[in-house]
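J.: What follows is each chain in one-letter form.
There are 4 protein chains.
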Amino acid sequence: MEIKVGKQAIRDASDALKNWGRWGADDQIGTLNHVIAADIVAAASLIRTGKVFALGIPLDRGGPQTGLFGGRWNPIHTMLATGTDAVAGRQDIVPNIRYADDAINMPVQCATHWDSLGHIFYEEKMYNGFDARLVDCNGLGKLGIEHARHKMVGRGVLLDIARFKGVAHLDDGYGISNDELDRCAKAQKVEIRRGDFVIVRTGQMERCLAEKKWGGFAGGDAPGVKFENCYWCQEREIAAICSDTWGVEVRPNETTEANQPWHWVVIPAMGLTMGEMFYLKDLAEDCAADRVYEFFFCGPPLVITGGTGSPINPQAIK
Amino acid sequence: MEIKVGKQAIRDASDALKNWGRWGADDQIGTLNHVIAADIVAAASLIRTGKVFALGIPLDRGGPQTGLFGGRWNPIHTMLATGTDAVAGRQDIVPNIRYADDAINMPVQCATHWDSLGHIFYEEKMYNGFDARLVDCNGLGKLGIEHARHKMVGRGVLLDIARFKGVAHLDDGYGISNDELDRCAKAQKVEIRRGDFVIVRTGQMERCLAEKKWGGFAGGDAPGVKFENCYWCQEREIAAICSDTWGVEVRPNETTEANQPWHWVVIPAMGLTMGEMFYLKDLAEDCAADRVYEFFFCGPPLVITGGTGSPINPQAIK
Amino acid sequence: MEIKVGKQAIRDASDALKNWGRWGADDQIGTLNHVIAADIVAAASLIRTGKVFALGIPLDRGGPQTGLFGGRWNPIHTMLATGTDAVAGRQDIVPNIRYADDAINMPVQCATHWDSLGHIFYEEKMYNGFDARLVDCNGLGKLGIEHARHKMVGRGVLLDIARFKGVAHLDDGYGISNDELDRCAKAQKVEIRRGDFVIVRTGQMERCLAEKKWGGFAGGDAPGVKFENCYWCQEREIAAICSDTWGVEVRPNETTEANQPWHWVVIPAMGLTMGEMFYLKDLAEDCAADRVYEFFFCGPPLVITGGTGSPINPQAIK
Amino acid sequence: MEIKVGKQAIRDASDALKNWGRWGADDQIGTLNHVIAADIVAAASLIRTGKVFALGIPLDRGGPQTGLFGGRWNPIHTMLATGTDAVAGRQDIVPNIRYADDAINMPVQCATHWDSLGHIFYEEKMYNGFDARLVDCNGLGKLGIEHARHKMVGRGVLLDIARFKGVAHLDDGYGISNDELDRCAKAQKVEIRRGDFVIVRTGQMERCLAEKKWGGFAGGDAPGVKFENCYWCQEREIAAICSDTWGVEVRPNETTEANQPWHWVVIPAMGLTMGEMFYLKDLAEDCAADRVYEFFFCGPPLVITGGTGSPINPQAIK
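Going down the list, the sequences are from chains A, B, C and D.
Under numbering that gives the first Met the number 0, the first residue of the first sequence is numbered 0, with each subsequent residue one higher.
Under numbering that gives the first Met the number 0, the first residue of the second sequence is numbered 0, with each subsequent residue one higher.
Under numbering that gives the first Met the number 0, the first residue of the third sequence is numbered 0, with each subsequent residue one higher.
Under numbering that gives the first Met the number 0, the first residue of the fourth sequence is numbered 0, with each subsequent residue one higher.
One or more hints might be untrue.
A pair holds if it fits inside one copy or across any two, identical chains being indistinguishable in the list.
As the list claims (entries may be wrong) - Only pairs whose alpha carbons sit at most 27 angstroms apart, straight line, appear in this in silico DSS-like list of lysine-lysine:
{"no.": "1", "residue 1": "K17", "residue 2": "K150"}
{"no.": "2", "residue 1": "K280", "residue 2": "K150"}
{"no.": "3", "residue 1": "K188", "residue 2": "K280"}
{"no.": "4", "residue 1": "K280", "residue 2": "K185"}
{"no.": "5", "residue 1": "K124", "residue 2": "K6"}
The set of hints was computed from the structure by calculation and includes no laboratory data.
This is chain A alone, in the form it adopts within the complex (with noise of 0.2 angstroms):
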């Protein structure tokens, strides 16, 4: 496709891609809704090794956030009991019991999270019509991520563009065009269905890991999918897009004019839920090894009550 990005095209996509009341008029979930209970058992046959894949990276103070956006923080990770004030005798009267505990705070899309369709707003509104101002420093009045807690289950696909083009990543500002997707998923001999949560992997979370510098990741520049693949993930029906970068969509942006310009359709017009920060370097080395690029998906949020997301640990079952 040759588009032209910028506002006319943010608008012209959410006219013509808008899921809006398409599962009613109460749908809080979107693109979810292509997933049928026949794909979950269909899925379900996709499991023939009993091989786990985790897909989410570590919660601590050494995460992907070195401040460039929205004030996200790393995992502040502390401890309320340890097992040094045990020894020291300190919890054998009250509590009488030796044990730890500890707390987590964190923003929910710190680290490997998935996207509500709350997170992103189309001038006043959200998805399926919603008003923007129904989320308040009280939460997500509508669209929290609570509304998908058994909702992430499904058939799972592995597009790993970096692979196919024989790279070990792809460059920051590297868009992945819609043809490429399909030619990979060609190459790779894995369909695309309605219902899928497709992962594309374009190995920069690798680079981060390998140079042990996260400086430029989240929130920086990335490798990732162009505006245009909006119309592919709606035409292809897809539940769910997920990538190894903290956005999904290309960085620097093709455009100017709106930061991030494949969020402003996907979410808001389309009601598609994303998943970022996704670690794939193990997952992909199988794929690539057996050469099967489907897999039973599961990666439930927490049920946070008006979440923008919710942190996450998504397995691929083979």
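Since chain A is already given, all that's left is putting chains B, C and D on it; use the hints.
T.: Just chains B, C and D, lined up with the frame of chain A:
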């Protein structure tokens, strides 16, 4: 079994049931080793209807903590960006995307969660003989929940003790015997097997939800398994035991010599994974309706480095 | 005064008492302008015995919040390094200093605190006419507490209404009239002057402390000043008004048309600084003993950029 | 003095300077005992112009922490209610008051702060001989900052070493000798007396502020007092020592045998109160202008129960 529960019984059970070294000197996942790949493949065949049950309770200020144990608090969910900001035009220059964002701050064990194997000590030791002092303010130097990041998958079995006894909920203080677990399984026509994720329903959480009162739930009295259950779990070689209560075992405890005596044994001696505060109402009703008490289970923890556990939203898939 | 408290009275008082522009279009400290340098010098002469009274209550999990207002929680104090860690040798290599460290997480208004002038809005406006929408998720774009960082110094006066009336504490719902404030001052032989930090003692906090129960304190009913007090504060040209209750004004409020009607006027119209939950027992006993109800007052806020207030530990020095 | 700094020197100084028992076996405030009531009265006479200087730096995400020490983070300020919510009408039913509210989450020592006497241990002991293991995950069982809640008042003296040496700022690694402190005081015509709050200006913070870069500040190298300073503080019987650096003493330290060797002595042996990261630019300029280097000092800590210190905004009043 007839056990006089107390410190001696704890010592005896610890000696009898100790799994230290069973899976190697470096093992950090204990009874999760009971699950082998073939079990996961077999469990996949239990996905027959595509129904998915979310077993996590909501994470918000209305959570189950009421100050009874360990200084735990309910999840604090705060917004970092809102739709009201967006519509007020506060985001149009920087960051030039209309969006919502948020953070969550919570003890990892304040709601539905896994305990990691470093959560409970016996004297100066953790599971597998690790020194408890490896758990300091920097987190769990050994046995953190991250080691189980891809291990919470397998066959799930619900033992609906409340329904088996014909009551809406067991009373606080009611101790479930090993024999009763077996009789329930038999009545449900379900077999407990090596590597199972066994989920025990007492109905206590549903009583609290119906009463809209958590008072006395987290940290307080509860129905639950008797101390003797540690022998049952070891013999059955289950992967994990879970319940709809805050601590699985019966309270008031069967002794005053130790707080949570069953915990003293199953975590540090056996390395048994434990899941707590599971929401079981919908799953239990479905099992009662179709008389199928086994299912595919997938309950991935967040990858909290050095965590004593993780908040979760486990999925039971039938 | 005879005022029928309600929305009309709020509007009338706002019009009558508005200090917008009085200290310039850019003013961000309101009635703190009433304190001039000479007042501080004069107040220094009130330091005659060297006695110092700390007016802050402890910041810990035993604090006054019980969930009644605004989702506020009690201070969460967590350790980042402990003596048990130190003695266990866990710090001897890195960082090679034996130490304790910790963090605190709290709503700025959860215990003894100042309100900043951006804490309350009237319709769409803040004090001095600033647009309320300047207060977004990034904090207070105007009127944050940082502007008062060196302004909370001057003459303090205690009006011990409870003692004046011969009771240990005023009952919840008791409204203190302007006339009563004047009669109390007269009985105490203390004059209220321009630029004073006036501290009103109701005894409510001491009742809660004696009963060891905060239930109903923060966010609940209370003795306090009547709505008419806004006129009194304006006429006296005081710098600030403080009390030992959570909100200074009487509750239940004198109207159901507005929650905290006095707040609607004194902050957005007048720009009056307000101090809440001051611990007054020791100071009041000393004043009763030496019959001196004036003192040097120094209550510096933390410099929380864009804060709606600050936790404080104000000092009364005699 | 000629001291070969290292573990032996630490031991020698600890023995020589130990104040354990000096103010009773239960004493928890150490050198703050040097301030007597008459000192406060005398200090009041230093208030001659009514000028007030706030010595606290802003608490926000732009704070001085850059990850170098102890896992400390910059203050996280989050909103619980906003003006954008208010204007959007989101507060008009409940709570029926238009308002803003917020919370702050910060290590108590991340910005301008006091150290409490339980912050540093020597071997297994704290100041006054208390067992370090009294500091566990529940906080400081002894020597918490709450004991000083009304003790941070007295005579303040600025020693402006940078200006004395005619430089904008001392270089990192520059060690200030006892002799230099004395010569500076003499040049400034100010006497150091028993009970003083001595504030040492290096200019390092002002350099960072001018460069708009905190990199290397908190946790890194710095100008500061030499190890020998512990003898000076003890002899002068000062109440507290403060500076515009993160740790008062020179870094790189004068030894590699211990991290922060001066800390090892002054806190656990002497019980010296320490103030760090004071903002001194405005105060120093004023002192240079009027040649008056003494003032009334009031720096109340928050009453953080069991805190290793407190964030503060100390006031110097002239």
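J.: With reference to the structure, classify each hint as holding or not holding.
T.: Cross-check of the supplied hints:
no.	hint	verdict
1	K17 x K150	within (21 angstroms within a copy, 39 angstroms between copies)
2	K280 x K150	both (25 angstroms within a copy, 18 angstroms between copies)
3	K188 x K280	within (20 angstroms within a copy, 42 angstroms between copies)
4	K280 x K185	within (21 angstroms within a copy, 44 angstroms between copies)
5	K124 x K6	within (16 angstroms within a copy, 33 angstroms between copies)
Every hint, counting from the list given before, is met by this structure.
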